[in-house]
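Produce the entire structure from the sequences given, and follow the hints as far as they go.
Sequences listed follow chains A and B, in order.
Here the first sequence is numbered in this note's numbering, starting from 1 and rising by one per residue.
Here the second sequence is numbered in this note's numbering, starting from 1 and rising by one per residue.
Where hints are given, some of them may not hold.
Unchecked claim - Derived list of chain B stretches under chain A, where covered just means 3 residues or more per stretch with a C-beta under 8 Å from a C-beta of chain A:
hint: 1; region: 43-55
hint: 2; region: 96-110
As the list claims (entries may be wrong) - From the structure, some residues in chain B lie toward chain A, with a derived Cβ separation under 10 Å:
hint: 3; residue: Y36
hint: 4; residue: Q38
hint: 5; residue: Y87
hint: 6; residue: A91
hint: 7; residue: N93
These are calculated hints, taken from the structure and not from any lab test.
Where is the CB? At the ideal position from N, CA and C, for every residue including glycine.
Here is what each chain is made of, one letter per residue.
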Amino acid sequence: GAVVSQHPSWVICKSGTSVKIECRSLDFQATTMFWYRQFPKQSLMLMATSNEGSKATYEQGVEKDKFLINHASLTLSTLTVTSAHPEDSSFYICSARPFTDTQYFGPGTRLTVL
Amino acid sequence: DAKTTQPPSMDCAEGRAANLPCNHSTISGNEYVYWYRQIHSQGPQYIIHGLKNNETNEMASLIITEDRKSSTLILPHATLRDTAVYYCIVASNFGNEKLTFGTGTRLTIIP
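Here it is in structure tokens:
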């Protein structure tokens with residue numbers, strides 16, 4: 001199967017700072033990538049759909065100015081959590097989809113905001 | 001996306017076949033049945049998917065009923081490493097189709 005990586009695996013930051021998470025498709029090109037968030041003991045919730053060369057589409061209730069998504073190339077999408085607060089602490093997971101194939105998920109990034 | 005219904009939890013003895021059911025009675029004609037699993041603190045792992053025919057790969061088998069309203073994921077010889085939350089999702093195969101995760105089934109393999 002296709003491989004998706006994320007960096008960093010975990011990050012701890014102070015409240016008010018911004019954090020950038022990278023999602024890369026290693027062996028395929030992905031015109032579409034997805035960003036999910038998962039709180040403890042809950043299921044994955046889709047945050048936004050990232051399309052290469054265009055603006056991301058955010059799910060209802062997700063602040064686009066707080067969660068900045070940039071899909072700059074066919075193998076890289078980034079999620080920046082701006083002015084992070086403790087309630088933003090979560091497990092962030094990306095997925096990428098080769099055209100007409102299934103979605104493959106990254107290993108996730110655990111964000112802790114102090 | 002059509003909704004799916006799965007039992008919240010199941011146990012299975014190590015070495016036995018694990019059969020995980022999923023109901024998707026409102027599935028539409030162009031929607032596939034996808035199965036993923038998530039081991040604690042990891043990203044979801046793709047297992048298998050199918051449209052209407054039964055499918056088998058190195059990980060599992062997928063049995064879809066003729067009316068497509070339900071399916072069963074079969075792990076033929078469960079091991080302790082198969083302990084995870086298993087998600088059944090229905091979605092089309094279009095490039096930008098999003099996956100909607102339900103609560104899944106927490107499968108525990110018992111030694």
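Next item on the list: List in ascending order the numbers of the hints, as given earlier, that are violated by the structure.
Entry: Going through the list in order, the structure violates no hint and respects every one.
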